[in-house]
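There are 2 protein chains.
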Amino acid sequence: MLKDKCIKAKQAQAALSSASGQVRNNALELMAGALKREAEYILSENERDIEAARHKGLSESLIDRLMLTKERVDGICASLMKVYALPDPLGKGSVWTRPNGLTIQKVQVPLGLLAIIYESRPNVTCDAAALCIKSGNAVVLRGGSEAIKSNIALANVLRGAIEKVGLSADCIQIVEDTSRETATELMKMNDYIDLLIPRGGKSLIQAVVKNSTVPVIATGAGNCHIYIDESADMKMALNIIENAKTSRPSVCNAAESLLINRSIAKTLLPLIKEHLPKVELRGCSEALAILPGITAATDEDFYTEYNDYILSVKVVGDVREAVAHINEHNTKHSDAIITQNTAAAEYFMINVDAAAVYVNASTRFTDGEEFGFGAEIGISTQKIHARGPMGLDELTTVKYKVIGNGQIR
Amino acid sequence: MLKDKCIKAKQAQAALSSASGQVRNNALELMAGALKREAEYILSENERDIEAARHKGLSESLIDRLMLTKERVDGICASLMKVYALPDPLGKGSVWTRPNGLTIQKVQVPLGLLAIIYESRPNVTCDAAALCIKSGNAVVLRGGSEAIKSNIALANVLRGAIEKVGLSADCIQIVEDTSRETATELMKMNDYIDLLIPRGGKSLIQAVVKNSTVPVIATGAGNCHIYIDESADMKMALNIIENAKTSRPSVCNAAESLLINRSIAKTLLPLIKEHLPKVELRGCSEALAILPGITAATDEDFYTEYNDYILSVKVVGDVREAVAHINEHNTKHSDAIITQNTAAAEYFMINVDAAAVYVNASTRFTDGEEFGFGAEIGISTQKIHARGPMGLDELTTVKYKVIGNGQIR
Numbered sequence: 001m002l003k004d005k006c007i008k009a010k011q012a013q014a015a016l017s018s019a020s021g022q023v024r025n026n027a028l029e030l031m032a033g034a035l036k037r038e039a040e041y042i043l044s045e046n047e048r049d050i051e052a053a054r055h056k057g058l059s060e061s062l063i064d065r066l067m068l069t070k071e072r073v074d075g076i077c078a079s080l081m082k083v084y085a086l087p088d089p090l091g092k093g094s095v096w097t098r099p100n101g102l103t104i105q106k107v108q109v110p111l112g113l114l115a116i117i118y119e120s121r122p123n124v125t126c127d128a129a130a131l132c133i134k135s136g137n138a139v140v141l142r143g144g145s146e147a148i149k150s151n152i153a154l155a156n157v158l159r160g161a162i163e164k165v166g167l168s169a170d171c172i173q174i175v176e177d178t179s180r181e182t183a184t185e186l187m188k189m190n191d192y193i194d195l196l197i198p199r200g201g202k203s204l205i206q207a208v209v210k211n212s213t214v215p216v217i218a219t220g221a222g223n224c225h226i227y228i229d230e231s232a233d234m235k236m237a238l239n240i241i242e243n244a245k246t247s248r249p250s251v252c253n254a255a256e257s258l259l260i261n262r263s264i265a266k267t268l269l270p271l272i273k274e275h276l277p278k279v280e281l282r283g284c285s286e287a288l289a290i291l292p293g294i295t296a297a298t299d300e301d302f303y304t305e306y307n308d309y310i311l312s313v314k315v316v317g318d319v320r321e322a323v324a325h326i327n328e329h330n331t332k333h334s335d336a337i338i339t340q341n342t343a344a345a346e347y348f349m350i351n352v353d354a355a356a357v358y359v360n361a362s363t364r365f366t367d368g369e370e371f372g373f374g375a376e377i378g379i380s381t382q383k384i385h386a387r388g389p390m391g392l393d394e395l396t397t398v399k400y401k402v403i404g405n406g407q408i409r
Numbered sequence: 001m002l003k004d005k006c007i008k009a010k011q012a013q014a015a016l017s018s019a020s021g022q023v024r025n026n027a028l029e030l031m032a033g034a035l036k037r038e039a040e041y042i043l044s045e046n047e048r049d050i051e052a053a054r055h056k057g058l059s060e061s062l063i064d065r066l067m068l069t070k071e072r073v074d075g076i077c078a079s080l081m082k083v084y085a086l087p088d089p090l091g092k093g094s095v096w097t098r099p100n101g102l103t104i105q106k107v108q109v110p111l112g113l114l115a116i117i118y119e120s121r122p123n124v125t126c127d128a129a130a131l132c133i134k135s136g137n138a139v140v141l142r143g144g145s146e147a148i149k150s151n152i153a154l155a156n157v158l159r160g161a162i163e164k165v166g167l168s169a170d171c172i173q174i175v176e177d178t179s180r181e182t183a184t185e186l187m188k189m190n191d192y193i194d195l196l197i198p199r200g201g202k203s204l205i206q207a208v209v210k211n212s213t214v215p216v217i218a219t220g221a222g223n224c225h226i227y228i229d230e231s232a233d234m235k236m237a238l239n240i241i242e243n244a245k246t247s248r249p250s251v252c253n254a255a256e257s258l259l260i261n262r263s264i265a266k267t268l269l270p271l272i273k274e275h276l277p278k279v280e281l282r283g284c285s286e287a288l289a290i291l292p293g294i295t296a297a298t299d300e301d302f303y304t305e306y307n308d309y310i311l312s313v314k315v316v317g318d319v320r321e322a323v324a325h326i327n328e329h330n331t332k333h334s335d336a337i338i339t340q341n342t343a344a345a346e347y348f349m350i351n352v353d354a355a356a357v358y359v360n361a362s363t364r365f366t367d368g369e370e371f372g373f374g375a376e377i378g379i380s381t382q383k384i385h386a387r388g389p390m391g392l393d394e395l396t397t398v399k400y401k402v403i404g405n406g407q408i409r
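Chains as they are written, first to last, in the numbering used here: chain Z, 1 to 409; chain W, 1 to 409.
If you're looking for bench data, these hints aren't it; they were derived computationally from the structure.
Each hint can be trusted.
Below are the DSSO-like pairs computed for lysine-lysine, each with C-alpha atoms no more than 30 Å apart in a straight line:
| hint | chain 1 | residue 1 | chain 2 | residue 2 |
| --- | --- | --- | --- | --- |
| 1 | Z | Lys210 | W | Lys210 |
| 2 | Z | Lys106 | W | Lys202 |
| 3 | W | Lys210 | Z | Lys8 |
| 4 | Z | Lys188 | W | Lys210 |
Covered stretches of chain W (in silico footprint by chain Z; criterion: 3 or more residues with CB under 8 Å from a CB of chain Z, positions within the stretch not fixed):
| hint | region |
| --- | --- |
| 5 | 101-114 |
| 6 | 186-197 |
| 7 | 210-221 |
| 8 | 233-245 |
| 9 | 344-355 |
| 10 | 360-367 |
| 11 | 387-401 |
Here are the in silico distance ranges between beta carbons for each label pair:
| hint | chain 1 | residue 1 | chain 2 | residue 2 | range |
| --- | --- | --- | --- | --- | --- |
| 12 | W | Glu280 | Z | Asn405 | 23 to 33 Å |
| 13 | Z | Asp299 | W | Gln206 | 38 to 48 Å |
| 14 | W | Gly406 | Z | Met81 | 31 to 41 Å |
| 15 | W | Glu346 | Z | Gly166 | 12 to 22 Å |
All figures in this text were calculated on a predicted structure; none of them were measured in a lab.
Beta carbons are placed, not taken as given, at the ideal position from N, Cα and C, and that holds for glycine.
Excised from the complex, chain Z in its bound form (with noise of 0.2 Å):
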């Protein structure tokens, strides 16, 4: 059943791997508007997804997350015309000619076949099928049980839209069975899949990267950390953490603990304290003998991402106990260091081991539109094929088309 879906999903992206940017981008066109038309039909699906969570008793937030209104579908539709507007990322490459007279062109490709495993908001449906449509991918979604009735009815309107273009239906594939057992089975169809990309939280991420065979991109985990050195300017150190922390704690490129040297620790930490009321503090020995009313981290704090109004604190003597200390706990997304010493800023930027790392910035800017690639399909905090924000180039591979008149070795 799953390897059907796969089967088809395979065979339909010949086809849209050929097909040109135009035809593409009209199918875009074509799924933003039959979303717009088809509203009411995906919010009456959407409600039973509701029901159905109200009554398993999930939490306000989830419900948030899991909710669609007119608005909300209006803004994936503004979403997709987005993508409409980025440019092709296929055919893009370049040619050399070999002294034997052998031409080679170097150009982007689809990948092939996607696939998404997310949990429960069903935007994710619709970004990732525009994502996908764009680069000429086909893919097959494996969103969460709480929101399948909604992801179904996306997926029928988006499955329509692009048949409307003479692209095959079968592109996009929904996985209706919801079971952990559909998804063990998509990590192992290394004959169809040719990459996964799991979206959602920590363990669903830590599940998918143990048990796939198929090539896995781990996106999304952030122990973001911010270092203020001892040259740094106090009021930006202040605005930046505040930033970091409490602009939208739940995402993953917020900062999650604050590391703070040693010489201005005493002057600065209860001005922090002061600054963020929200926030609670869990502090080293040292912070907790300059806040005595804080809470004391444990080890397992500076490996923790709260996603929360909670920050880890530690005092570090300079840039490379800082360095050390964020090298052994972060996730490898974004860490700032907050200093007007040079040396110190490049010291940190080299040493750090993390796909982005600030000089005197917020480490909320790490993401696709901020970095000025237009849309994402999520940030890799691993290092093979794509690192940081990943957009539609990171969703291509290359071939090698080469051309000769007879050539031998």
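With chain Z fixed as given, assemble chain W onto it according to the hints.
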């Protein structure tokens, strides 16, 4: 023990990562010099491997793969100096400024710690170490048990050499325990190893792909096809088949399967048989009808990489049937069409799913040197991270360095 080696290598890599291109090149020069100087020690250790291999009754061809000679050591040194001469892959990148004033540098940086699992040829120890040092990566080398004394000797020499330029010997680690358990353990070292590359036969590669939780690049499986279209130049077709099949049958870019258009099969197949007297043809029923003396091909034959003087043969109706057969049976490595028909060539190049697709040239050209990349660490048959010949750039990742003056989101 193995974990210790990984920890040491990871620590040593930090300094290697920020060493200049000049220092890394000096290391390569000293590595080559030391191998030349210590040739006697290396050959005597290799002799012990050879004796053990004879004692175990290994085939002469395996013993030949294992054997080092003065000339072969010189060849290894020459390879190292080729890597020396290649451009530095580190530090390349682009810079842009966002409307909010953030400057973003996208820079090529080392992957970190690589692991290579390989079979009997000891030259891989040196080639892999050279490519890793040049690209700023530390490496854990796990070769086969037959070559263990040679590999330890080579690694000792290389480790001593890099220390002389101030790099830690721990950048190069050799796994002395060649049991299957250490290989499996290596495949689970996600906290330390950034990329694992298996080099060897199909069963080794499949075992690694199946068991590794560390990211893997699958290399080297090559069931390569040549399709002779009805419009092919017959003389060119004969030349290319001969070259692709017989110039070096044991390598992954050698042809394993011949597809021939029905309209020319009766004329061309007898010529091919005559032209390739050393090659055993295994044909489909139509090929058998034309060449009654040949062996019948089983379904299994069409999936087989013989690495020998054997060629499967199938008669097909047109380029579409050829492409469908290839996509079902190939290993996504290299496939060629011989044709004078531009439309057929276009269709073939777009629709065959392989790292390299050829028109009127031998598949034997899929190779880092032949493509103009210099040395290669393998030929990737997967789509993520690298596809086709993998040179120094494919041993790097990117890092975003974001420089602000207090920007918040």
